[in-house]
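Residue strings, one per chain:
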Amino acid sequence: MRDEIIEILEGIKSGVDFDSITDIISSNVLTSLNIFTLVNELNDEFDVEIGADKLIPENFESVDAIERLITELQDEE
Amino acid sequence: MSLTSMYFLILAVLLIPIFYLVPKKGQWIVLLISSVTFYVFSGWTNIFYVLFATLSSFLATTSMQKLTDKQKKYIKENKATLSKDDKKLYKQKIKSKRKAIMLVCIILNVCILLFFKLYLRLKNSINALDSWDIIVPLGLSYFTLQTIGYVVDVYWNNVEAEKNPLKVLLFVSFFPQMTQGPISDFKQLTGELFKEHNLTYENFSRGFQRLLWGYFKKIMVATLMSPYVSEIFENYRDYSGIMLFVGMFVVMIQLYADFSGYMDIVCGLCEMLDIKLSENFNHPFISKSLSEFWRRWHITLGAWFKKYVFFTVGTSKFAGSISKKIKEKHGSDAAEKVVSTIALSAIWISIGAWHSLFAPFVLWGLLNGIIMIFSVWMEPVYAKTKLKLNIKEESKIFNLFRIARTFALVSALEVFSDIGSLKDGLNYFVKMITNIPMGLGLKSSFLFTTGGTKDLLIMAACFALMAFVDVCSLKCQFRDKFNKVHFLIRIIILLFIFALLAIVGIHTLVESDGGFMYAQF
Numbered sequence: 001m002r003d004e005i006i007e008i009l010e011g012i013k014s015g016v017d018f019d020s021i022t023d024i025i026s027s028n029v030l031t032s033l034n035i036f037t038l039v040n041e042l043n044d045e046f047d048v049e050i051g052a053d054k055l056i057p058e059n060f061e062s063v064d065a066i067e068r069l070i071t072e073l074q075d076e077e
Numbered sequence: 001m002s003l004t005s006m007y008f009l010i011l012a013v014l015l016i017p018i019f020y021l022v023p024k025k026g027q028w029i030v031l032l033i034s035s036v037t038f039y040v041f042s043g044w045t046n047i048f049y050v051l052f053a054t055l056s057s058f059l060a061t062t063s064m065q066k067l068t069d070k071q072k073k074y075i076k077e078n079k080a081t082l083s084k085d086d087k088k089l090y091k092q093k094i095k096s097k098r099k100a101i102m103l104v105c106i107i108l109n110v111c112i113l114l115f116f117k118l119y120l121r122l123k124n125s126i127n128a129l130d131s132w133d134i135i136v137p138l139g140l141s142y143f144t145l146q147t148i149g150y151v152v153d154v155y156w157n158n159v160e161a162e163k164n165p166l167k168v169l170l171f172v173s174f175f176p177q178m179t180q181g182p183i184s185d186f187k188q189l190t191g192e193l194f195k196e197h198n199l200t201y202e203n204f205s206r207g208f209q210r211l212l213w214g215y216f217k218k219i220m221v222a223t224l225m226s227p228y229v230s231e232i233f234e235n236y237r238d239y240s241g242i243m244l245f246v247g248m249f250v251v252m253i254q255l256y257a258d259f260s261g262y263m264d265i266v267c268g269l270c271e272m273l274d275i276k277l278s279e280n281f282n283h284p285f286i287s288k289s290l291s292e293f294w295r296r297w298h299i300t301l302g303a304w305f306k307k308y309v310f311f312t313v314g315t316s317k318f319a320g321s322i323s324k325k326i327k328e329k330h331g332s333d334a335a336e337k338v339v340s341t342i343a344l345s346a347i348w349i350s351i352g353a354w355h356s357l358f359a360p361f362v363l364w365g366l367l368n369g370i371i372m373i374f375s376v377w378m379e380p381v382y383a384k385t386k387l388k389l390n391i392k393e394e395s396k397i398f399n400l401f402r403i404a405r406t407f408a409l410v411s412a413l414e415v416f417s418d419i420g421s422l423k424d425g426l427n428y429f430v431k432m433i434t435n436i437p438m439g440l441g442l443k444s445s446f447l448f449t450t451g452g453t454k455d456l457l458i459m460a461a462c463f464a465l466m467a468f469v470d471v472c473s474l475k476c477q478f479r480d481k482f483n484k485v486h487f488l489i490r491i492i493i494l495l496f497i498f499a500l501l502a503i504v505g506i507h508t509l510v511e512s513d514g515g516f517m518y519a520q521f
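Those protein sequences? They're chains A and B, same order as listed. Residue 22 in the working numbering is what sits at position 22 of the first sequence, and the numbering runs on without skipping anything. Residue 157 in the working numbering is what sits at position 157 of the second sequence, and the numbering runs on without skipping anything.
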């Protein structure tokens, strides 16, 4: 799952070391407009539904956080 | 009841000692009684709308909570026998019930808000409505958004429903923030309201300083500026382009002094009560873009619409399916721009309508949206131009240009909402651009007699002081520095401001209505 998430992130913004970065949102690496693309791609890739309620910075600050969010949503299904 | 009225001051003076004298567990009840008193004194009919918002949100949130608890219990009890599909089906059934409850509550509250917005809009154009004199509930636009936010947060399981209806009533009606915000988040505000509060010298003195500073901004800058702004805007045809150009910035500064002054009064009073409210301003005039400006100006309004409208639209199934189709044909960059356009349109139409359904406000909202959408689509062109002209992102001159451009843009947009009609707004700009060589204009002498030269000089000095404090607080908390000054000097400065407010300020407040500009929404 981790590799797929990194691939999606690199497709949105290239030249960033997403594997180690832990402040994707707070350091403005991704804007709120980029988040829409990220959410749509994650929904497609992992067959989940990320709603507006999950759009809090903590869920998108790092690849680990995104992975946790996807796992949580898959478990809820 | 305005925050500049004597009633408000009496209420605040009575509230503070009682608040700290009662047992700590009962402090929130003192706040509740004060809020209800504030509402009753502001027009007793107001309380019905507050009670409706409270009751509807209380019933909706507790019903949703019961369904959530029921779901948890059912799944726990039948863990062994339920298949994955059964579990999913049951969850969906509960979710759709909760969604229906949330929607009914939102629709009811939005309908009341829309009714009053429409009433105000139609009253001016339909004569038959003249005899139908309804008092628009105080702070309706603010407590409606706050209530809806709470209901959605419970639906999203971000917070648990409050079981005590009186606590919900205090959340909806907390009086200092009711007329102009801030629009608070349930978790943040209730965390502050229902904790035990201790009287400390630091909170009390810092709160009082901020409260006094708020009155200074409101009375000595905004209210003193008011006759000049009204004079220029009401008689703009008689002034030269240069005066109209200056007037455009003055109205923005007046609005800032008025609105941020209100926020300082409210936050100052709350700090004296050991209650921390969300901030609504963060040096808006250093913004380098319109979107940054909206993250620094009326922060809680922007945050509310971003959380509940912008994100909801941007992540909706509708936006998702459009994004998918466009991505297949034109790539992910185009898909992102289209989804952003949809979400930005939704947020700015909503913000414009929330302010008012009058054409200048709707246009003001649309123009904000159009500019932001335009900058999303033009981003590659900007990047290429910067590269061609060798402009560096961190260049001081370039950033100063961006700050000046943003200030001019927000000031120009403000003209539309302040002048009252679309036609006058457009005429104002035509006159401003085409009438440049006319000197100060036919009526410029009126500016010096409107409030008197003395008032003009006092206002200019007070504005300079406000600007100085704002610039200083860019680097550090101004109050921290102020509190390091010798005690006696601090007392003398505070007494001087107090005396200034009492001597110069009172007559200007009596002459004006004393109300705050943003309270009209």
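Bear in mind the hints are in silico, worked out from the structure with no lab data behind them. Don't take each hint at face value.
[As the list claims (entries may be wrong)] List time: in silico BS3-like cross-link candidates among lysine-lysine, alpha-carbon distance up to 25 Å: (1) B:Lys306 x A:Lys13; (2) B:Lys288 x A:Lys54; (3) B:Lys386 x A:Lys13; (4) B:Lys324 x A:Lys54; (5) B:Lys288 x A:Lys13; (6) B:Lys95 x A:Lys13; (7) A:Lys54 x B:Lys386; (8) B:Lys324 x A:Lys13; (9) A:Lys13 x B:Lys307; (10) B:Lys307 x A:Lys54; (11) B:Lys306 x A:Lys54; (12) A:Lys54 x B:Lys337.
[Claimed, not checked] A few chain B residues that don't get close to chain A, going by computed Cβ distances all over 12 Å: (13) Lys91; (14) Val152; (15) Ile322; (16) Ala335; (17) Val338; (18) Ser350; (19) Met372.
[As the list claims (entries may be wrong)] Taking CB as the label site, the calculated pair distances span: (20) B:Leu387 x A:Glu72: 37 to 45 Å; (21) B:Trp44 x A:Arg68: 50 to 58 Å; (22) A:Arg68 x B:Lys91: 44 to 52 Å; (23) B:Ile18 x A:Arg68: 30 to 38 Å; (24) B:Asn235 x A:Gly11: 55 to 63 Å; (25) A:Glu10 x B:Ser289: 49 to 57 Å; (26) A:Arg68 x B:Lys484: 21 to 29 Å; (27) A:Glu7 x B:Tyr74: 36 to 44 Å; (28) B:Gln188 x A:Gly11: 44 to 52 Å; (29) B:Gly331 x A:Arg68: 26 to 34 Å; (30) A:Asp44 x B:Ser289: 40 to 48 Å; (31) B:Ser205 x A:Gln74: 52 to 60 Å.
From the three backbone atoms N, C-alpha and C, an ideal C-beta is built for every residue, glycine too.
Going down the list of hints, with the structure as the test:
1. B:Lys306 x A:Lys13: Answer holds: Lys306 of chain B to Lys13 of chain A is near 23 Å, not above 25 Å.
2. B:Lys288 x A:Lys54: Given pair Lys288 of chain B, Lys54 of chain A is violated - Cα atoms ~29 Å apart, limit 25 Å.
3. B:Lys386 x A:Lys13: holds (20 Å)
4. B:Lys324 x A:Lys54: holds (21 Å)
5. B:Lys288 x A:Lys13: Holds: Lys288 of chain B and Lys13 of chain A sit about 23 Å apart, inside 25 Å.
6. B:Lys95 x A:Lys13: Measuring from Cα to Cα gives roughly 35 Å; hence the hint is violated.
7. A:Lys54 x B:Lys386: Given pair Lys54 of chain A, Lys386 of chain B is violated - Cα atoms ~36 Å apart, limit 25 Å.
8. B:Lys324 x A:Lys13: holds (19 Å)
9. A:Lys13 x B:Lys307: Status holds; Cα separation ~23 Å.
10. B:Lys307 x A:Lys54: holds (10 Å)
11. B:Lys306 x A:Lys54: holds (13 Å)
12. A:Lys54 x B:Lys337: Holds. Lys54 of chain A to Lys337 of chain B sits at ~22 Å (cutoff 25 Å).
13. Lys91: Given that some Cβ of chain A is not farther than 12 Å from that of Lys91 of chain B, nearest at about 8 Å, it is violated.
14. Val152: Non-interface label on Val152 of chain B violated, nearest chain A Cβ at 8 Å vs cutoff 12 Å.
15. Ile322: violated (10 Å)
16. Ala335: Answer for Ala335 of chain B: violated, closest chain A Cβ roughly 7 Å.
17. Val338: violated (10 Å)
18. Ser350: Fine: 14 Å to the nearest Cβ keeps Ser350 of chain B off the interface.
19. Met372: violated (10 Å)
20. B:Leu387 x A:Glu72: 37 to 45 Å: holds (42 Å)
21. B:Trp44 x A:Arg68: 50 to 58 Å: holds (51 Å)
22. A:Arg68 x B:Lys91: 44 to 52 Å: violated (20 Å)
23. B:Ile18 x A:Arg68: 30 to 38 Å: Check failed, 47 Å falls outside 30 to 38 Å.
24. B:Asn235 x A:Gly11: 55 to 63 Å: holds (57 Å)
25. A:Glu10 x B:Ser289: 49 to 57 Å: Given a distance of about 26 Å, which is not inside 49 to 57 Å, the answer is violated.
26. A:Arg68 x B:Lys484: 21 to 29 Å: For Lys484 of chain B against Arg68 of chain A, whose Cβ atoms are near 45 Å apart, the range 21 to 29 Å is violated.
27. A:Glu7 x B:Tyr74: 36 to 44 Å: holds (39 Å)
28. B:Gln188 x A:Gly11: 44 to 52 Å: violated (36 Å)
29. B:Gly331 x A:Arg68: 26 to 34 Å: Between Gly331 of chain B and Arg68 of chain A, where Cβ atoms are some 30 Å apart, the hint holds.
30. A:Asp44 x B:Ser289: 40 to 48 Å: violated (31 Å)
31. B:Ser205 x A:Gln74: 52 to 60 Å: holds (53 Å)
In this structure, the earlier hints numbered 2, 6, 7, 13, 14, 15, 16, 17, 19, 22, 23, 25, 26, 28 and 30 are contradicted, and the remaining ones agree with it.
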